[in-house]
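Peer 1: The sequence shown maps to residues 1 to 1121 in the UniProt record's numbering.
Simulated from the structure, these hints should not be mistaken for laboratory data.
Virtual Cβ for every residue (Gly too), placed ideally from N, Cα, C.
If you anchor each label on the Cβ, the simulated ranges turn out as follows:
no. : residue 1 : residue 2 : range
1   : V423      : D747      : 42 to 52 Å
2   : A522      : G231      : 48 to 58 Å
3   : D206      : G405      : 54 to 64 Å
4   : D747      : G231      : 50 to 60 Å
5   : E653      : C533      : 20 to 30 Å
6   : L399      : A420      : 21 to 31 Å
7   : P204      : K80       : 31 to 41 Å
8   : Y353      : H430      : 17 to 27 Å
9   : T711      : L380      : 22 to 32 Å
10  : N494      : D91       : 35 to 45 Å
Below, a list of computed lysine-lysine pairs in the DSS-like style, where the Cα atoms sit at most 27 Å apart:
no. : residue 1 : residue 2
11  : K128      : K86
12  : K71       : K167
13  : K292      : K491
14  : K452      : K44
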Amino acid sequence: MWETHTVCSSSRGDADVSGGVVLRFSLNSTADIMVNIPDYFAGKNVLITGATGFMGKVLLEKLLRSCPEVKTVYVMVRSKAGQCPKARIDDMVSCPLFERLKDEQPDFAVKIVAVSSDLTLPELDLSKEDQSVLAENVHIVFHCAATIRFNEPLKDAMQLNVLATQKMLALAHRMKQLEIFLHVSTAYANCDRELIEEVVYPPPVDYRRLIDTLDWMDDELVSTLTPKLIGERPNTYTYTKALAEYMVQQEAGDLNVAIVRPSIVGASWKEPFPGWIDNFNGPSGIFIAAGKGILRTMRASNDAVADLVPVDVVINATLAAAWFSGSQRPKNIMVYNCTTGGINPFRWGEVEYHVISTFKRNPLEQAFRRPHVNLTSNHLINQYWIAVSHKAPAFLYDLYLRLMGREPRMMKTITRLHKAMMVLEYFTSHTWVWNNDNVGMLLTQMSPEDKKMFNFDVRQLHWAEYMENYCMGTKKYVLNEELSGLPAARKHLNKLRNIRYTFNTVLVVFIWRVFIARSQMARNIWYFVVSLCFKFLSYFRASSTMRYAVWGGDLRDVTPPLAQSHLGLAPPPLRPVKDQRCKKQRWQLWPRQTVCLSSPTLGECVRVMRAALLSLCFWFLSLVPAAQTGLKCGVPQDWRTTAWSVRVVGGREATDGSHPWLVSLRLRGSHFCGGSILTQRWILTAAHCFSSVSREFLRGVSVSVGEFDRTVDDEEEQVLGVKSVSLHEKFHHALPMSHDVALVELDQHIRLGIRVQPICLPLPDENIPPRTRCIVGGWGRTKERGRLPAVLREVQLDLVDPAKCQYVLQTLRGPVRPRAAMTVVCAGPERGGRDACQGDSGGPLVCPAGPGGGHMVALGVTSWGKGCGRSWGNNSIRPPSRRGSPGVFTDVRLLLPWIKRELRHADEQQRRKNLSGLCSVSDGPVIDSEGVIRNPALPGDGYDNNDDDCVVRWVVYAPRGHVVKVHFTDVELEESDRCLYDSLTVLADVERTEEIAVLCGRTVPPPVLSFHNVMVLQFSSDSSITHRGFRATLSFISRADLHRGDSRAGVQAPGDMRTLHRHHVTVHQQHGASHVNLDLSDSQSSSRAEFYRDEEDPSLHHLDLSSDDEDSSGESSGTVL
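Build the full structure now, drawing on both the sequences and the hints.
Peer 2: Structural data, given as structure tokens:
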């Protein structure tokens, strides 16, 4: 008996829906079993309105293809353009949408019956005969017909969306076998609300009185009253859809009714094939206009949710809703919000990015301009871009067409585009919250087969892939452009780019000659701007001077010395240029350097700008040599921007990119420590940052690299997870924190760049003398008990003499080890004022390398200190509570052996793991008396052996008095006549002297029994042929049961095989060869897996697999690495 007491949106109460009618349903207690969706539609007659529309076509195709036993589908179609309904249906089924259906059911068209009808006419313009046939035979009605024009006059919208629905309900009341009447509405019917529940809301006016009022009003009066009638709704479409929903609820009577509300319906996701779309409606027209380069600006909010929903998702949900309501017959109307925003949100900013990037890779033919769209929510900025990017180019293009004797057309296109965009502004600038409880309930009631065939779970939707298919669908099915034309389209796009550059250059020259050269004020403004540009360049340039030759010839030697060094050029001599003719105006570009610009010619100004741009380019190249030829460690973005200023106390805000090695350790998103990049996979930090290294704790830890401002997403910022943490074995939390160092292994590699680079480790004997000026950066507190700053800060600290450091630390409360055991260095002034503080722990103390180094090294790791920025010169005469200390940093030089040993050990483990992955082994899991073995180890993977003679063996021992039974559930090996290549051999003993069976190919064999209490399975592969492998289930059968029944037919007996990961495992490994022994407490049974290649001698390596790795799913176990 299936029974439910689910309440639609009842948890929110009537007050939450602001007058909405809360609908509750209960199911008939006689419904013992819910049939599948295809079985429900089998033998039934279905009526569809709007079948020639976008959603109607997909509904018709899906219904016929996935419910092949449906008896008849009646489609109500009106005559149009001289075509009768049957001719229109014949044309419709010849489109590409029905090709898959034709292949699967060639005679599907006989089930489609075209019914001549017009929804705007009395009695739907149905003949008496058609009315009688529909009333006698129809079981299910899908009412999809509606006008989707947002700016439709109110009278027309009422006719198609309200009155037509009312007539359909009257017809449905006459249908004797009707089981369900499903009305397709829109999720925006109640867009005047922010939260939209799955209920029917009462409209502000009585729809009956409105219908009567519109009958006697003329069109002009109706147009005048429309804004006041629709209220806060943006158009007549949403207004009339809301009226239609309420009318359906009021006039349904005893009919079984359901309402489906889709949001913005887009191209298909999967069915019948990805990306199918056949019209310009909704977002399709916007995407095409953007791809053609016509649409350049759009009034939209980047953060607003674009509630796109694929058409096949809507249709699948519609069929499932009809099945559920039709088979269970709930007492009240069921409403289904078919949306994606609350489940898998996708924003308009992301839509713009994916559309533009797709059309740049796969451009449309004969594009007007290169694809580019500016999204802005500001009305004035939008109007500016419309004038500059829409109207001006359209006017110039039409002018060109007139000169060529052709009819201008672009301004008309732009005007139509603006009207369409004004209608859509409301939906691209707002975000709604839809309740989807009923849709979720549908998924829970469907069988696994129905969930696969009628999938509308949008959690599985990958937006990037969907948007690319959508854009390509508009190109192929709407514009009918073949993919073979892509090379020519790309060439045309490059041509448009060159035209743009040429036009911009000509425009600059024109403005100069017409405006600037003829006006003294304009020239002064121009000179002022040029001066600012040069000052800007001087701030960022890599050299302190640039040599110019003015008036005497071309501008020469403009390359900064650092850039020249990078390019292999010798730096020019540094000398100023003097010229006696410069008497009117002398413009200072930077200190002690001037350029005379009293009355420059156009050519001279072009040379000045060319030199400035060239300088900027060389400066940029000087920043990224490592990005092109291999990144170097310890080199910040710009030496001059590194703050040699006076946990970070007493410092200042750092410059973006000045600490590219610094990372932020976060616990559930909040900064708690710093660290530095050693490699693309390893972070150096302090051990005291980790109170625990358990898996539960590390799940909440993340590492942010490329971080500068914690409140915004920086340009190269990456947030990565933590795989493991290694603490120094001698570390303890008691003061002083000796050996306070840890290595953090990331779960993925860091993408290095300008602002993300590793730090260099010092040499073991690196000599960095006291009073060397070092620097500490971090997001730590700026004073004791202060707050964490948002922007990275840095402070300069001088190294303290080791003897003085030891003496000062001895003045603090607590024991201090002798100097020989100290693993710290100190840095900071005696008078205090500058120091690291809480939150800077783990960050590096960065010092210049020794003579000739030319880079920075991580001399220390920020560890601890007494207070933050306290003076410590007179600690001996102060009370203990007021004493201070310099910053204490773990000396990296003393711990280099441990760091390098840990890194080498991890790299060796990874190398062995990669080797063993070629031919994997997995035992278990074992549940009661059964075990599962498979090759490869991970389900769904394929084996790909690149080495010869790869062999894997499983040796299984049964308890005394038992034999081993192996049941193969999946076999896919390389096929050969005598299993000469890849094969699975079943042996009777460990000496491999007696074969039971040899398997290859894809045929699953019958179960196999061992001769004794031992069985060996040996998998062999000889070359790099990739297949899925095999999977088998093991069980133990007593010999007594063999005499009582047929064990080969599936007789099971209790066994005592143990799960692999419940016991200690010892692994012997060398060069990818491994040997696994299971130490079982029960001597009756055991299991062993061996993996070897050729005759290599094994060496010892120990690995413990604890019970923490146990997977309750019954599909995983310990895996040999």
